[in-house]
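Visitor: The chain contents come next:
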Amino acid sequence: MYSYRARRLIAEMPNRGSLADATHSAQAENPVCGDIIKLYLRIEEDVVQDVRFECRGCPGAMAAAAGITELVKAKPAAECRALDVEALEAHVGQLPLHKRHGLELAIDALRSCLGIGDR
Amino acid sequence: MHPVYLDNNATTPVDPEVYEAMTPFLREEYGNASSAHERGQRARKAVEESRSQVAELLGCPEREVMFTSGGTEADNLAVWGLAMRYRDRGTHIVTCKIEHPAVLRTCEVLENDGFQVTYLDAAPDGIVSPDDVAQATREDTILVSVMYVNNETGTVQPLSEIAEVARKKGALVHTDAVQAAGKIPVDVKQLGVDLLSISAHKLHGPKGVGALFVKEGVEVVPWMLGGSHERGRRGGTENVPGIVGLGKACNVATRRLDEFQSVIGGLRDRLEEGILESISGTHVNGSRTARAPHVTNISFDGIGGEALLVALDFQGVAVSTGAACAAGSISLSHVLSAMSIPEERIKGAIRFSLGRFTNTEDIDYVLRILPDLVERAREAAPKTTD
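Heads up: the sequence lines are chains A and B, in that order. Residues 1 to 119 in the numbering used here are what the first sequence lists, from first letter to last. Residues 1 to 386 in the numbering used here are what the second sequence lists, from first letter to last.
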């Protein structure tokens, strides 16, 4: 089952598209299914001033990608660095078990964006 | 939000007439149709009346209709039961790659039991060629099983031609007509088939009941062993409420077949044309001429059908899709794959299937909300990847 919040994220896709004046961008890809999440951040004074995502993939990846943009927007970069799958799941709400890999992909994209290593 | 159900090929809502007919057999008329007393005989009478209603829809005598637990059991019994009965005549079966898993999995079981199975491709329009069937059918072919209406695309197979070429070579013919019954005319004599499967819940009847037409003289080895029910072909006490529901569903379908074809066919066309006109990069999968009136399968370029399904669901619209991602691996529709449709188009495929209770407001609501959902998904798609 998808939570109401996950379904809203998939239907409305807030913060979708690219960001021309991004200071940071990176993508993560699942080599098996081909899902891709690309994040664009504009970080100024160590705060995420703006954020966008692009995603090609299953609904779990879509919800996670849109959800992570809501989580990081206007947050200090230091707080963003501490985000993990559990925090993202708490924001997105329930995803079907077999769609949870989208959460990991979104966190990977964020960590890559911020120049930190693997989960 | 306007709830719209366009997943009628998955299952249909029970018709109120069907519900009314079933209710007494869930309450006071609880007799076992095999019992000799009056209550049992009333149940028997109801079962036989239902058999007559199914027979009327299929154009066959009542004795050629046997009840099952649904389309899957009917398919299993037709393919396996016939293979077991006639394996002394031959061990080759011809079917096609767009069949329902109820046929395909049964064929795989038979392959493990010494049978050879030829799985034919479909053309890009979803049609299985009678010439291909003729070429594949051999002296030792005992069965040709080709579905009548495909569940994913609605494509109608040239079944009478397929049956004719199969019969010429001495093979028996089965068809899975689960998505045909009640949607297009199904006349077993005109089609020339020996076995034909239907399911109640696909034509506004209850779940858990179906029927198999078995032509007089054709024998199947029972799949379910027990008493001598259904002329010794299926053990087990008859599901009287379900059978009554199936009978009534067939009765309503017979009466409303013309109306279904014109009204629902018109709504399907309104939906399909509306989508093709208002959203660029859309493609209908399967033949647009040889098809049943209640289905359209459309691919949306550049987006995942599965995400679009969830977005539509959020807006109250139920549909199904041609691909599913599970735990990081993609499972593509075996039907669209067999039609040689490119992978990206399969991933973006949505099946809209209409039912008797679909109306113009439903269609117009979908046409109103869909373009924005597709546009958002396309805006979110990566323009370039690293």
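FYI, nobody ran anything at the bench for these hints, they're computed from the structure. Cβ atoms here follow ideal geometry from the backbone N, Cα and C, with glycine treated the same way. A couple of the hints might just be wrong.
FRET-style restraints, in silico, Cβ to Cβ [to be verified]:
#1 A:Q94 - B:G235: 37 to 45 Å
#2 A:S3 - B:G266: 52 to 60 Å
#3 A:G115 - B:H283: 36 to 44 Å
Visitor: All hints, please: hold or fail.
Guide: Hints and how they fare:
In this structure, A:Q94 and B:G235 meet the distance hint of 37 to 45 Å, their C-beta atoms being roughly 43 Å apart. Under the hint 52 to 60 Å, the C-beta atoms of A:S3 and B:G266, about 38 Å apart, miss the expected range. The beta-carbon spacing between A:G115 and B:H283, approximately 42 Å, falls within the hinted interval of 36 to 44 Å.
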